[in-house]
Every structure is written in structure tokens, then in C-alpha cells.
Amino acid sequence: MSITWNDSVPIYRQLRERVVAMILDGALNEGDPLPSVRQVAADFQINPLTVSKAYQELVDDQLVEKRRGLGMFVTDGAREALLKSERERFLREEWPALYARLQRLGLDLKTLLREAPQDSENHS
1 MSITWNDSVP IYRQLRERVV AMILDGALNE GDPLPSVRQV AADFQINPLT VSKAYQELVD
61 DQLVEKRRGL GMFVTDGARE ALLKSERERF LREEWPALYA RLQRLGLDLK TLLREAPQDS
121 ENHS
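If you're matching positions, the sequence shown starts at 1 in the UniProt record's numbering and goes up one per residue.
The reader is advised that the hints may include incorrect statements.
[What the hints assert, rightly or not] Once the Cα atoms are required to be at most 30 Å apart in a straight line, the calculated BS3-like pairs of lysine-lysine come out as:
1) K84 / K66
2) K110 / K84
3) K53 / K66
[What the hints assert, rightly or not] Between beta-carbon pairs, the in silico distance windows are:
4) N6 / A81: 21 to 27 Å
5) K53 / K110: 17 to 23 Å
6) S8 / N47: 15 to 21 Å
7) Q118 / R38: 17 to 23 Å
8) R89 / I3: 41 to 47 Å
9) A116 / D43: 31 to 37 Å
10) E80 / Q14: 22 to 28 Å
11) R114 / N47: 43 to 49 Å
12) L24 / R114: 25 to 31 Å
No lab work stands behind these hints: they were computed from the structure.
Quick caveat: nothing in here was measured; it's all calculated off a predicted structure.
Note that CB positions come from ideal geometry on N, CA and C, so glycine has one too.
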């Protein structure tokens, strides 16, 4: 298992985002255990405190829960909560700049859909 870290973003934030992506993508489902702090630290050769900090943010956001003696588990409703918050964040933070760029380039929805890569799960 390997990962390339972005030097401009703290590793714990990147690790948190990786777990969020796994939940959104369905690689981690409600009730699934997260890999142990020790395992993640060993796999990625990072400090266990870094992993703990990422996991604690997920707990604070109520996306995972600690089960004493058992580890961390994805909470019920985590994926739906993430979909809602990530959609809102996208529309608030990313969409305005993306929309402006599309306008500048003269790209419309029809062109974008025609040129979009075909995804076996999500194409119309």
C-alpha cells in the first residue's frame, strides 16, 4: 500500500479525506471497522499520533465511533451525512469558480456530457 502525500496539506487532513472518500465510494460501509491506528501508521510509515488525529476528526464529525476495546467503526448515516455536506461544500466553494471557467471557455452542458469519460456505473 502506498500513497503520495501533498506537502501543502497536513497528513492527518489528507488521511481524513482518504477515509471520507472511502465512505463516499462505498469501500467503507456503515458498521465497518476502520483499520487500526497501528496498522495505518505502519502501512503508510507515519506517526500513530497523526492517524489518531485524523480519526479523532472523524469522531468529532460523527462519521465514526469509538468502541472501547474494539476500535473505530463507521456510524449509521455517515455516507448520507457526507453526501449532504460534501455537496453543499462543492456548491459553495468549488462550483462558482468552475462555472466561471466553463463560461470563459464557452463550454455548455451538452458539450461537457458528450466529452465526459464514460463511467460504467453513472452514465445516462
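Violated constraints from the hint list, given by number and in increasing order: Failing hints, ascending: 5, 7 and 8.
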